[in-house]
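Sequence lines, in order, name chains A and B.
Quick note, the first sequence lines up with residues 1 to 241 if you use the working numbering.
Quick note, the second sequence lines up with residues 1 to 133 if you use the working numbering.
If you are wondering where the hints come from, they were derived from the structure by calculation, not from laboratory data.
Check before you lean on any hint, since a few could be wrong.
Unchecked claim - With a straight-line cut-off of 30 Å between C-alpha atoms, the simulated DSSO-like cross-links for lysine-lysine are:
{"id": "1", "chain 1": "B", "residue 1": "81", "chain 2": "A", "residue 2": "150"}
{"id": "2", "chain 1": "A", "residue 1": "238", "chain 2": "A", "residue 2": "124"}
{"id": "3", "chain 1": "A", "residue 1": "161", "chain 2": "A", "residue 2": "202"}
{"id": "4", "chain 1": "A", "residue 1": "202", "chain 2": "A", "residue 2": "214"}
{"id": "5", "chain 1": "B", "residue 1": "81", "chain 2": "A", "residue 2": "124"}
As the list claims (entries may be wrong) - Take a look, some chain B residues computed to stay more than 10 Å from chain A by CB distance:
{"id": "6", "residue": "65"}
{"id": "7", "residue": "66"}
{"id": "8", "residue": "78"}
{"id": "9", "residue": "80"}
{"id": "10", "residue": "103"}
{"id": "11", "residue": "114"}
{"id": "12", "residue": "119"}
{"id": "13", "residue": "123"}
Note that the coordinates shown come from a computational prediction; the quantities given were computed from them, not determined experimentally.
The beta carbon of each residue, even a glycine, is placed where N, CA and C say it ideally should be.
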Amino acid sequence: MTRQEQLRERYEDALFALMMDQVAISEGKKALEENERLKNDPSAEVPEAVSMRCQRMIRQHFATNTARKAGKFTAKIFGKIAMAAGIAAMLFTSAFAVSETVRINTLNLVVEVFEENTDFYFAKSSTSADDSQITAGWLPSGYVLEDQGKDELGRWCIFRKSENEYIYVMYTSGNGSVLSADTESAETEGVQINGIQATLIKKDSELQLAWGTKDQAAFIQIIGTGITGEDLIHMANKLKF
Amino acid sequence: MRKKSIRATVFMLLLVSLFSANLVSAGATQIGLMYTGVSSLTSGLTISTSGAATCGGRASVRSGYTVDLTVELKQDGSTIKTWTSSGTSIVSAGGTYYVASGHSYVVTTTAAVYDSNDHLVENPDKDSLVTYY
Chain A
1 MTRQEQLRER YEDALFALMM DQVAISEGKK ALEENERLKN DPSAEVPEAV
51 SMRCQRMIRQ HFATNTARKA GKFTAKIFGK IAMAAGIAAM LFTSAFAVSE
101 TVRINTLNLV VEVFEENTDF YFAKSSTSAD DSQITAGWLP SGYVLEDQGK
151 DELGRWCIFR KSENEYIYVM YTSGNGSVLS ADTESAETEG VQINGIQATL
201 IKKDSELQLA WGTKDQAAFI QIIGTGITGE DLIHMANKLK F
Chain B
1 MRKKSIRATV FMLLLVSLFS ANLVSAGATQ IGLMYTGVSS LTSGLTISTS
51 GAATCGGRAS VRSGYTVDLT VELKQDGSTI KTWTSSGTSI VSAGGTYYVA
101 SGHSYVVTTT AAVYDSNDHL VENPDKDSLV TYY
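With the hints as constraints, model all of the structure from the sequences given.
Structure (structure tokens):
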């Protein structure tokens, strides 16, 4: 290609570029005019229904995102709860396997709470109750042994300080027996008597303590008036039967 | 991971529910009582291999009240033997009675509670555990 031919080719390219530039400017003006016309033309406006639908779609999109985040948070919390429950179950299973007391108390001693009373019984008690005497290792000041006896259910003692201040101690065979204690409008709490779970019932001036012996042979029950809960628990801890 | 956590939680809840249901179902249905003059009421029954049914009932009585205690041995729901006793403080009644095999037995202890004016204030009762012999 000669130099002249090269110059002519460049000239044609430049001329074509200038022409296209003019076309682009002209098309841009037309587009801007059309835009202005559409802006001012009410018939070209986006219909209300379409606008609402678009807004609804946007809202749904954001709501889905929010729900997904909430779901992730809930799943995280559930995961933690499941882990805590799993650990608690494992600890309980270990205690259940290792400790005879936990095993026996879990499976055998049934405590049923009703509106007026609470029933205690062993679901299964094959052990014969010990026929030994009840001996108070400690008594609150002023209380003396008034009476004691034996019946088909076991043994009992009455300690008295005055007409309205007394302590009943009862040893009841657990085999086939149901012990029902008055708990209507009473305050109850769990306490430990020599390492065994007992129920302390407070009703007006009367205190009642009931628990099952470790060998599941019997129930021990102490009912007292005119004494404190601390004294009753101390007496229970010192009781020999 | 999330699915596993949910499954574990549901499984634990099911286990707890089953455990609770077993504990509750282990006991017989009891009648609601009202205790004013008695602190507790106990009913017991044991039957030896020879058929000797040892039946007992006991009431711990609050001061100011008197109790007439009735202990009934029931065979398939019908009373076959009754023991009674009256008193204050701790009142008990019962005895031994030979029973026939092939029946269910229960002891019902009833305390008729009277106040200092000799008015009947309540009449609670309590069943022992049911024994099949």
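Okay, the hints, checked on the actual structure:
no.: 1; hint: B/81 with A/150; result: holds (21 Å)
no.: 2; hint: A/238 with A/124; result: holds (27 Å)
no.: 3; hint: A/161 with A/202; result: holds (20 Å)
no.: 4; hint: A/202 with A/214; result: holds (24 Å)
no.: 5; hint: B/81 with A/124; result: holds (25 Å)
no.: 6; hint: 65; result: holds (12 Å)
no.: 7; hint: 66; result: holds (14 Å)
no.: 8; hint: 78; result: holds (19 Å)
no.: 9; hint: 80; result: holds (16 Å)
no.: 10; hint: 103; result: holds (15 Å)
no.: 11; hint: 114; result: holds (17 Å)
no.: 12; hint: 119; result: holds (19 Å)
no.: 13; hint: 123; result: holds (13 Å)
In this structure, none of the earlier numbered hints is contradicted; all agree with it.
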